[in-house]
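One letter stands for each residue in the lines below.
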Amino acid sequence: MKGFCRKIPALLAFILTPSVALAAEGRIDTGDTTWLLVSAALVMLMTPGLALFYGGMVRRKNVLGTIMHSFIALAVITIQWILIGYTLSFGPDVNGFIGSLAWFGLKGVGVEPSSYAPTVPHLAFMIYQAMFAIITPALISGAFAERMKFSAYLLFILLWATFVYDPVAHWIWGGGWLSKLGVLDFAGGIVVHATAGVSALAAAIIVGSRRGYPEEPMTPHNLPMTVLGAGLLWFGWFGFNAGSALASGGLATVALVNTHTAAASATLTWIIVEWLRYGKPTMFGAATGCIAGLATITPAAGFVTPMSALIIGIAAGIICFMGLKAKGKIGYDDSLDAFGVHGIGGVLGTLSIGLLATTAINPGGANGILYGNAHQMTVQLIGAGVVALYSLVVSVIILKIIDWTVGLRIDEESEVQGLDVTQHGEEGYFF
Amino acid sequence: MKGFCRKIPALLAFILTPSVALAAEGRIDTGDTTWLLVSAALVMLMTPGLALFYGGMVRRKNVLGTIMHSFIALAVITIQWILIGYTLSFGPDVNGFIGSLAWFGLKGVGVEPSSYAPTVPHLAFMIYQAMFAIITPALISGAFAERMKFSAYLLFILLWATFVYDPVAHWIWGGGWLSKLGVLDFAGGIVVHATAGVSALAAAIIVGSRRGYPEEPMTPHNLPMTVLGAGLLWFGWFGFNAGSALASGGLATVALVNTHTAAASATLTWIIVEWLRYGKPTMFGAATGCIAGLATITPAAGFVTPMSALIIGIAAGIICFMGLKAKGKIGYDDSLDAFGVHGIGGVLGTLSIGLLATTAINPGGANGILYGNAHQMTVQLIGAGVVALYSLVVSVIILKIIDWTVGLRIDEESEVQGLDVTQHGEEGYFF
Amino acid sequence: MKGFCRKIPALLAFILTPSVALAAEGRIDTGDTTWLLVSAALVMLMTPGLALFYGGMVRRKNVLGTIMHSFIALAVITIQWILIGYTLSFGPDVNGFIGSLAWFGLKGVGVEPSSYAPTVPHLAFMIYQAMFAIITPALISGAFAERMKFSAYLLFILLWATFVYDPVAHWIWGGGWLSKLGVLDFAGGIVVHATAGVSALAAAIIVGSRRGYPEEPMTPHNLPMTVLGAGLLWFGWFGFNAGSALASGGLATVALVNTHTAAASATLTWIIVEWLRYGKPTMFGAATGCIAGLATITPAAGFVTPMSALIIGIAAGIICFMGLKAKGKIGYDDSLDAFGVHGIGGVLGTLSIGLLATTAINPGGANGILYGNAHQMTVQLIGAGVVALYSLVVSVIILKIIDWTVGLRIDEESEVQGLDVTQHGEEGYFF
Amino acid sequence: MKMVSAVIKHYRLDEVRKALLDAGVQGMTIVDVKGFGRQKGQLEVYRGVEYEVTFLPKVKIEVAVPDERVEDVIDAIISGARTGEIGDGKIFVYDLQDVVRIRTGKRGKEAI
Amino acid sequence: MKMVSAVIKHYRLDEVRKALLDAGVQGMTIVDVKGFGRQKGQLEVYRGVEYEVTFLPKVKIEVAVPDERVEDVIDAIISGARTGEIGDGKIFVYDLQDVVRIRTGKRGKEAI
Amino acid sequence: MKMVSAVIKHYRLDEVRKALLDAGVQGMTIVDVKGFGRQKGQLEVYRGVEYEVTFLPKVKIEVAVPDERVEDVIDAIISGARTGEIGDGKIFVYDLQDVVRIRTGKRGKEAI
Ligand SMILES: Nc1ncnc2c1ncn2[C@@H]1O[C@H](COP(=O)(O)OP(=O)(O)O)[C@@H](O)[C@H]1O
Ligand SMILES: Nc1ncnc2c1ncn2[C@@H]1O[C@H](COP(=O)(O)OP(=O)(O)O)[C@@H](O)[C@H]1O
Ligand SMILES: Nc1ncnc2c1ncn2[C@@H]1O[C@H](COP(=O)(O)OP(=O)(O)O)[C@@H](O)[C@H]1O
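Chains as they are written, first to last, in this note's numbering: chain A, 1 to 431; chain B, 1 to 431; chain C, 1 to 431; chain D, 1 to 112; chain E, 1 to 112; chain F, 1 to 112.
Do not take every clue at face value.
[Claimed, not checked] DEER-style ranges, computed between Cβ atoms:
hint	chain 1	residue 1	chain 2	residue 2	range
1	C	Lys400	E	Glu52	35 to 45 Å
2	F	Asp75	E	Glu52	44 to 54 Å
3	B	Gly212	A	Gly331	39 to 49 Å
4	B	Lys180	A	Arg27	38 to 48 Å
5	F	Val49	E	Glu110	34 to 44 Å
6	B	Ala326	C	Leu389	48 to 58 Å
7	F	Arg107	A	Glu216	33 to 43 Å
8	A	Glu216	F	Gly84	12 to 22 Å
9	B	Gly108	A	Pro92	40 to 50 Å
10	A	Val94	B	Gly108	24 to 34 Å
11	D	Ile86	B	Gly212	18 to 28 Å
[Stated by the list, open to error] Taking lysine-lysine and the PhoX-like style, the derived pairs with C-alpha atoms no more than 25 Å apart in a straight line are:
hint	chain 1	residue 1	chain 2	residue 2
12	F	Lys2	F	Lys40
13	D	Lys2	E	Lys40
14	E	Lys2	F	Lys34
15	F	Lys18	D	Lys34
16	D	Lys18	E	Lys34
17	C	Lys329	C	Lys280
18	E	Lys18	D	Lys2
19	E	Lys2	D	Lys106
20	D	Lys2	E	Lys34
21	C	Lys280	F	Lys34
22	F	Lys34	D	Lys106
23	F	Lys109	F	Lys2
24	D	Lys18	D	Lys34
25	F	Lys18	D	Lys40
26	E	Lys40	D	Lys18
27	D	Lys2	F	Lys106
28	E	Lys40	B	Lys280
29	A	Lys325	A	Lys280
30	E	Lys2	F	Lys106
31	F	Lys109	E	Lys106
32	D	Lys109	E	Lys40
33	E	Lys18	E	Lys2
34	E	Lys34	B	Lys280
35	E	Lys109	F	Lys34
36	D	Lys40	F	Lys106
37	E	Lys18	D	Lys106
38	E	Lys109	E	Lys2
39	D	Lys34	F	Lys109
40	F	Lys2	D	Lys40
It is worth saying that the hints were derived from the structure and are not from the lab. These numbers come from a predicted model, not from an experiment. Even for Gly, the Cβ is constructed at its ideal location relative to N, Cα and C.
Let's have the full structure, built from the sequences with the hints guiding it.
In structure tokens, the structure reads:
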């Protein structure tokens, strides 16, 4: 206690020292800054959107617990990010593997533009990236919906953000080794969707199937809520992908057009496939399809033409649909299809760059096979493969450790009663 | 098949050729571009908003089918737009009647600014306009809610977008004959609301009333959902109207202020009228009133003063309210009042320009009667009249053709069971 | 009548005279204007967000009545603002106490920038401020949820906006006496949250407890709706706080980062406190915590460092939690905790400026105690104290007058049946 | 006294209510139920997973009547609910030992 | 054994539950219902279209009791539910042929 | 004829339905109810205010059967619903005076 008290002045000094200074705003472009701030807000909204998207899909008794998985990520990861996540991901590079702790607690991160985005305040780039770090672990929560202990979940996202997301973000966006290798990922096909998707697969298997799965019907309790979530996600995704241009203008515009196009074509493809396969096109399918299209175009949004985006969306609709069927065949319970949609979509999109990217769209990018450059595909394969493997291994380790210590799953009786009452002591609806 | 295979290289070449080039961004203004991209996102959100607005009004058994009508327009019309809709609407003018196919598949539509919006990438203008093309047919769906075959609906919106929306958009916004005549329509009173509203009236009559209408009570199953939809629509409408300035600055600001003002005064007027007429002001009335005000101010938003907008809102509240009563008297079943709100509001707003427009607000506009220019009213009457007639005739033709081929309506038993189960094989809620 | 008719030309002249002129847009910055317009849209969305946030918390029978309280403020206060509210708040100063009526009906408020925000159209500043005036009285409605007469409510918000909000906004933001004293309030800790919160306390006591309170269980009927509302509020709050920089750039960025940080830390703190106190962390607690954090950081968002924001959020989580418990002890029925969250949070945030503000963040601000300036705390205490007292007294007077004339409360039988049926003649759900 | 309870299709409720009023019934209670019988449910596919939804939404009416009115009430329900299609529903008649009007405390026939 | 079933106003439920517990009842089942009787519904207007909402929300309680407790239970319900206003509701008493506790398989009175 | 009514846990519904089909039952009606008995509810805290939630969600099944099938049906319900834990639920058996199939107007046993 004495020791702690002696440390208070130092702590205070740290907290109070304004790393932020308002000097030299000369280079800041108001249009670009507005775009990045708006994009940050849009991406933030995706997390409540995801909460509703997932929340509508579970059974009524788990609606709050499921929503909470996304919502609490807003709290936990924001704080992790500001303290250590941002510096691990984007701080000064250490051997291409991780950012140094130089920017711990946002030290030195102020309103001066950074090298990442030279026309906007450094803090704007930081908070924009924070929103990505938040939603990524929340995506995983779909894999073990309706059965995870809340304390285990908190531990999981904290460790996962630190040991999976932050390093991978550094490798690809923070100047790390994969970016030096030339791996392209415009807005997070690898960093967000592949990491989340592969970890989701691991989690679904390690946590185990829901009680009663697959015999007992587990129909979504509120599909309009899921559609609302999908709508907010689509809306927010404009910030996610087009904001990743980190400036307003032509590239942001192309990314936005591609995002919308792929979402549309994946949606249509999905319901056509359903129609052919099951005789009826569903609203749930349309909502799922748009998310598959959005996840798939994410890495490619700033590298391909709108017509290519159209095709990427079609591919997303077909391949993610098939991916979803896999779980039935193989037999794991990826309850809300976090792997089927984000894992498969993220990897598919990453590889689509190797095929369809063109420097005519983005001179900072590369050409794909169809533009005469087969090399990029190899690079993309390496990028996706290494990250998938890394995410898998580290996720398994994290999950196992949690399982041995606090335990991953709620007990049988709690599962029957539902997360809401047993984990949170409250109920979603009193109708 | 052989022939098709031979065509693949050409197809590939077409898809891959980047119509987009990043040169000469000099003239692009980052603030304007940000504004148009944000506006595009806002207008996109209006379609899920509409889905919920309508979805809450129907009976529980039709909630997903109704939401689907809006949602699927996002998919179908986006693709139609990118392939042919945009070039038909805004492509090089052919005799004042239609755009040529020169920009088929976005050929030549890149990041270079267009003449439509000289400070933003052409693609930004294109995608912004796409969002208008999407929501317009979705508006119509309110007229035949709870009884339309899904396949017929898909066909309908595809044909309607191509043969009604695209030509009319060309006439008024794409440099066509009505624009040369001087017809003013700032953000779509004619192009969006009048076309949709009049076609809705045709559709309500041709499709016929719902089974049990008007004896059986058909109360909205979830009004909070409708209010949520109204809130998102109001929010998105700022992009719809103020974005139509196609640049940030004074005109966008005036349009936004007018939009908000008219929405507010129509809302208040509506509940006052209800209060006087039925003894109680309703939440449903307030939600309806705001949409009436928003639809009505749409064409005038960039041409009138805020005080005129206040008055336009009041007129919208009174006249649309009376319009809604018409259906009871005349006896057609415009189930969610697509004609009563959008048709009447759109025409009313279009004519309000003839009365209240002033070049002091928009030098590119005109003066109305109260500013000493009676001529503009004539022009507005012609514009609204011609388009209403055209929409009516073409919609009737399209609907009749669909009815004779695939059939417009679901059968009686399906109507009793609801769209969700019969058209989509799923249910909205498992509570 | 005769007299009135004679006045029509003058009235017409007033309405039609375009106070708006498009000259000299030279100084307008497109990036800044876009930011302010977007922020206005974001803050507008907060009111429907609040409607849902509150709507989910009440019993099913009151859902529409509760939503209506927020929604109708959009209509009523917009018109009040445009006619007299804006000029009372921001019009030319009269003795430091109130704005003159010079800008009645937006006379002279055009697209020329004002002194308040020199790079954006005056009308943009006006409409941005309108959104604040709208949501503030709506916040109060939580205090007397489920029992207020609708006519009384309309009267209340109209009078309250005119006699509490407008003067206080003038004192602090419109160049009035408190601003001259040096009171700092970045985005409305005093002007919005303290005024609303204190008035809420008065209202809860004067209107009296709900029938059956506290014995009868009054659990929230739809918590997912409340979470959706919280998500929209969080999203909109970026416009609320970061928009208050009135320009894009460094200060807006810092405010946005602080807003997000405090929301996150308050959310986490709240559920930890709950966990320790009741054994379970709740989704409802997380949603409440984020609003507490957002309300508390509001006045300080543009004056403190992100690390200070983190601490302010933690303080908000702890102190507002304790504040909520007060009502149980003291025994008034602040049904949705408008005082507990906004009153306490607003004052806490206002005082946090006195402790943590630094001119390194905002040279236009001041230093707090921890930066060596004890004086600012005194000023903040005076500001918060005077406004709290003023709000209390005027609210009591307004409420008493309404009670004596139209009556504040619905009768017992109506309360049992609910607001929806008795005040609005409609029902929220037909499931 | 008897309690006549009927499971019918939702969209016939209004007709049944009217027929019962015409038959002199002065009160009734309804509740949303789900059921199956001859009429089977349907297959619903959620994200490729097929669920057989066995239960269809129905509404149950309960009308307490004096013994002598039972047949009239049954006839009224049939006249309002019959469409001739499968799933029209069933009527169940129970014996009622007693009825109490809470407001007055009156019992038996006059409490109905 | 008897099944005592009562349709009451929602906001009286808590009082009735307490009165029943005081009367020694150890279990009960409730369900949301809608009903009308003396108390009529109201007119509701949705976008200018008037609908008569005939059914008011009520809650139905079911309590299984041994024959000798029936009167106590009726009294308890009345004491909790009566407000003296129209719409207070009704109590219906049915004969119960048998009761089975699923967990133990026990039947009859001791299964209640 | 008898009406066999059972209050069971939601997640046992599917098992019970299957057991009843196996026992030859051709129709049934279910309704969401809430109840308490041995199994008590839980304390829920909303913004620091504690509410005791007494009623737990259950589902009630109703199966009309000819007299001779009652025991089979009871057994089927028990076999499907029993978990051996508190709150498994109860079965109530009522006498049915008559059954009418609305579609055909047929009455009695053959209408079931
Ligand atoms: N044996 C039964 N016990 C209880 N309810 C039944 C029984 N049989 C049918 N029902 C109820 O009656 C409804 C209609 O029965 P169904 O057999 O589909 O129609 P129909 O009587 O016209 O042939 C079912 O949905 C169910 O709710
Ligand atoms: N004949 C009846 N059969 C079934 N339920 C009835 C009958 N009469 C009344 N009820 C139920 O009892 C409730 C209260 O009855 P009502 O006549 O309004 O009140 P009161 O008994 O106090 O006069 C009704 O809403 C309805 O649910
Ligand atoms: N006396 C009763 N009257 C009506 N319903 C009852 C009665 N006792 C129990 N129930 C219903 O049965 C359910 C299970 O009863 P409970 O006593 O919790 O389980 P168990 O019978 O396994 O001990 C309760 O939730 C309630 O719905």
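Verification of the hints:
no., hint, in the structure
1, C/Lys400 x E/Glu52: 35 to 45 Å, "holds (39 Å)"
2, F/Asp75 x E/Glu52: 44 to 54 Å, "holds (47 Å)"
3, B/Gly212 x A/Gly331: 39 to 49 Å, "holds (47 Å)"
4, B/Lys180 x A/Arg27: 38 to 48 Å, "holds (45 Å)"
5, F/Val49 x E/Glu110: 34 to 44 Å, "holds (39 Å)"
6, B/Ala326 x C/Leu389: 48 to 58 Å, "holds (54 Å)"
7, F/Arg107 x A/Glu216: 33 to 43 Å, "holds (37 Å)"
8, A/Glu216 x F/Gly84: 12 to 22 Å, "holds (19 Å)"
9, B/Gly108 x A/Pro92: 40 to 50 Å, "holds (45 Å)"
10, A/Val94 x B/Gly108: 24 to 34 Å, "violated (47 Å)"
11, D/Ile86 x B/Gly212: 18 to 28 Å, "holds (20 Å)"
12, F/Lys2 x F/Lys40, "violated (30 Å)"
13, D/Lys2 x E/Lys40, "holds (23 Å)"
14, E/Lys2 x F/Lys34, "holds (20 Å)"
15, F/Lys18 x D/Lys34, "holds (16 Å)"
16, D/Lys18 x E/Lys34, "holds (16 Å)"
17, C/Lys329 x C/Lys280, "holds (22 Å)"
18, E/Lys18 x D/Lys2, "violated (29 Å)"
19, E/Lys2 x D/Lys106, "holds (19 Å)"
20, D/Lys2 x E/Lys34, "holds (20 Å)"
21, C/Lys280 x F/Lys34, "holds (24 Å)"
22, F/Lys34 x D/Lys106, "violated (29 Å)"
23, F/Lys109 x F/Lys2, "holds (10 Å)"
24, D/Lys18 x D/Lys34, "holds (23 Å)"
25, F/Lys18 x D/Lys40, "holds (14 Å)"
26, E/Lys40 x D/Lys18, "holds (14 Å)"
27, D/Lys2 x F/Lys106, "holds (19 Å)"
28, E/Lys40 x B/Lys280, "holds (19 Å)"
29, A/Lys325 x A/Lys280, "holds (17 Å)"
30, E/Lys2 x F/Lys106, "violated (30 Å)"
31, F/Lys109 x E/Lys106, "violated (28 Å)"
32, D/Lys109 x E/Lys40, "holds (21 Å)"
33, E/Lys18 x E/Lys2, "holds (20 Å)"
34, E/Lys34 x B/Lys280, "holds (24 Å)"
35, E/Lys109 x F/Lys34, "holds (22 Å)"
36, D/Lys40 x F/Lys106, "holds (20 Å)"
37, E/Lys18 x D/Lys106, "holds (23 Å)"
38, E/Lys109 x E/Lys2, "holds (10 Å)"
39, D/Lys34 x F/Lys109, "holds (22 Å)"
40, F/Lys2 x D/Lys40, "holds (23 Å)"
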